[in-house]
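Below, each chain spelled out in residue letters.
Protein chains: 2
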Amino acid sequence: MAIRHKAVLLALFAFAVLPLSGCGPASAETQGQMVRLAKLEIDPAQLDAYRAALKEEIEASVSLEPGVLTLYAVSEKDRPTHFTILEIYADRAAYEHHIKTPHFLKYKQGTEKMVKSLELVDSVPLVPSMKIK
Amino acid sequence: MAIRHKAVLLALFAFAVLPLSGCGPASAETQGQMVRLAKLEIDPAQLDAYRAALKEEIEASVSLEPGVLTLYAVSEKDRPTHFTILEIYADRAAYEHHIKTPHFLKYKQGTEKMVKSLELVDSVPLVPSMKIK
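Protein chains in written order, with the numbering used here: chain A, 61 to 193; chain B, 61 to 193.
Honestly, the hints are just simulated from the structure, not real lab data.
This structure is a prediction, so every number in the text was calculated from the model and none was measured.
Just so you know, not all the hints are guaranteed correct.
Any copy, or any two copies together, can satisfy a pair, since identical chains are not distinguished.
Distance condition first, Cα-Cα at most 27 Å in a straight line; then the derived DSSO-like pairs of lysine-lysine [claimed, not checked]:
(1) Lys99 / Lys191
(2) Lys173 / Lys160
(3) Lys160 / Lys115
(4) Lys193 / Lys166
(5) Lys173 / Lys115
(6) Lys99 / Lys176
(7) Lys160 / Lys137
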């Protein structure tokens, strides 16, 4: 009986649990990702300074932090003071590490008075393995 | 005099025009890119069907069209009927080609009655060479 139970448990594991790790929309690599849209409106009088500070912060983050998978920032063509940033972190720990880095803190403190509004929208990717060619 | 004029013009060209093609934030590779945010709200009763149709269209576009550099779609965690898609095309011609493909037309016609609103926001990337690790 004990052996039969073990076999049943093994079969259950193989059919019910294992497929979750290999199939489905998210692979193990992308499963713990943290994805967010940051939406900002910037003081027009400080737009050039803000762009420079954000660019510096993004380039430092992506090059120095393996867990920052992208910070893809765009401004609207018709409203250049409106920014959206697609933020992808490998996992929550990578994000927690990111917001304690010197380059992030420099950006955050340096741009505090340039940012008129900030909205952070936690999001779910439709195709988590998606890249940029 | 004619020769001196020509020399002056050549010097002007070399110092004023040539640097534009090699330097600056955007490389030749990224300069003609078309970047857009698509913002959609979906009928909640048809959300599953919409997600499937969008996923199929995105996967076909990115795998079949070299000029579709990414279609990174997210839905909001707190409002799963609200989607944002970061669309990057190699250039306008790649976009024009994209909207005539059978997979795009199938998606567009098949989801027409699922989409409650659609806003297309032409955008400018801050770091055009940005990728997703």
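Hint check:
1. With identical chains, the CA atoms of Lys99 and Lys191 are at most 27 Å apart both within one copy (21 Å) and between copies (20 Å).
2. For a Cα distance limit of 27 Å, the shortest separation of Lys173 from Lys160 inside one copy, 20 Å, qualifies, whereas the shortest one across copies, 46 Å, does not.
3. Taking the closest pair of Cα atoms, Lys160 and Lys115 come within 27 Å of each other only inside a single copy of the chain (18 Å); across copies the shortest separation is 35 Å, beyond that limit.
4. In this homomeric assembly, Lys193 and Lys166 come within 27 Å of each other (Cα to Cα) only across copies, at 24 Å, whereas the closest approach inside a single copy is 31 Å.
5. Taking CA atoms no more than 27 Å apart as the test, Lys173 paired with Lys115 passes inside one copy only; the shortest distance there is 17 Å, against 40 Å between copies.
6. In the homo-oligomer, the alpha carbons of Lys99 and Lys176 lie at most 27 Å apart both inside one protomer (11 Å) and across protomers (22 Å), since each shortest distance falls under that limit.
7. In this homomeric assembly, Lys160 and Lys137 come within 27 Å of each other (Cα to Cα) only across copies, at 25 Å, whereas the closest approach inside a single copy is 32 Å.
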